[in-house]
Amino acid sequence: AQTVTQSQPEMSVQEAETVTLSCTYDTSESDYYLFWYKQPPSRQMILVIRQEAYKQQNATENRFSVNFQKAAKSFSLKISDSQLGDAAMYFCAYKRSYNTDKLIFGTGTRLQVFP
Amino acid sequence: EAGVAQSPRYKIIEKRQSVAFWCNPISGHATLYWYQQILGQGPKLLIQFQNNGVVDDSQLPKDRFSAERLKGVDSTLKIQPAKLEDSAVYLCASLSRDTSYEQYFGPGTRLTVT
Chain F
1 AQTVTQSQPE MSVQEAETVT LSCTYDTSES DYYLFWYKQP PSRQMILVIR
51 QEAYKQQNAT ENRFSVNFQK AAKSFSLKIS DSQLGDAAMY FCAYKRSYNT
101 DKLIFGTGTR LQVFP
Chain B
1 EAGVAQSPRY KIIEKRQSVA FWCNPISGHA TLYWYQQILG QGPKLLIQFQ
51 NNGVVDDSQL PKDRFSAERL KGVDSTLKIQ PAKLEDSAVY LCASLSRDTS
101 YEQYFGPGTR LTVT
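First to last, the sequence lines map onto chains F and B.
Residues 1 to 115 (my numbering) are what the first sequence spells out, left to right.
Residues 1 to 114 (my numbering) are what the second sequence spells out, left to right.
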């Protein structure tokens, strides 16, 4: 069975600084997708960034980038130039390559951003 | 386009009572998911629909939970009777086939069972 582990329950960062959130996963599949979702207090899950396992190039979306290490089964999220609005729960998620398959989430990391 | 709608946003019930949640997915999204998110955990799939058929309900406690998706659009999730451990946020999501198969989430329903 596939599992996703986030070992950092809480992280904090100063505004304008950089922070990295960690995620490891376990799977026997060779093709899959990985995601980072943001969940603010409003509870709505918002997709931050996605990575296809067959792509060697790390995904980037503006201030958000990932470090995808397929052999190590590691998928970290780097947030640059942190903003107060980045404060939220961040969930790492895995999905098998079947397009309609379910998401498997980690336990989340609460990110606090200090002015 | 309008997002995934869910109601109610909050519900408080006593144990052994019944409760129902409603989800209206984004128009045209054939695949719909119900996730349960217990406090301090990530969401876990309860049931997945493709149109009005069930694709995966392996994690649904079928002795107390039921779900349906009539006409392949709106969906309802019911709990009867509720237990204390059912306290959680219930998230509905629908799948777009136009944007890399992204799942779009609703705002969730927070259920408290006392």
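Just so you know, these hints were derived from the structure itself, not from any lab.
Among the clues, some could well be false.
DSSO-like cross-link-like pairs, simulated, lysine-lysine; straight-line CA separation at most 27 Å [as the list claims (entries may be wrong)]:
(1) K73(F) to K95(F)
(2) K78(F) to K83(B)
(3) K95(F) to K44(B)
So, going through the hints one by one against the coordinates:
Distance hint between K73(F) and K95(F) is fulfilled; the C-alpha atoms sit about 14 Å from each other, no more than 27 Å. Taking the CA atoms of K78(F) and K83(B), the gap is about 40 Å. The hint is violated against a cut of 27 Å. Under the criterion of a C-alpha separation no larger than 27 Å, the hint pairing K95(F) with K44(B) is consistent with the structure, at around 12 Å.
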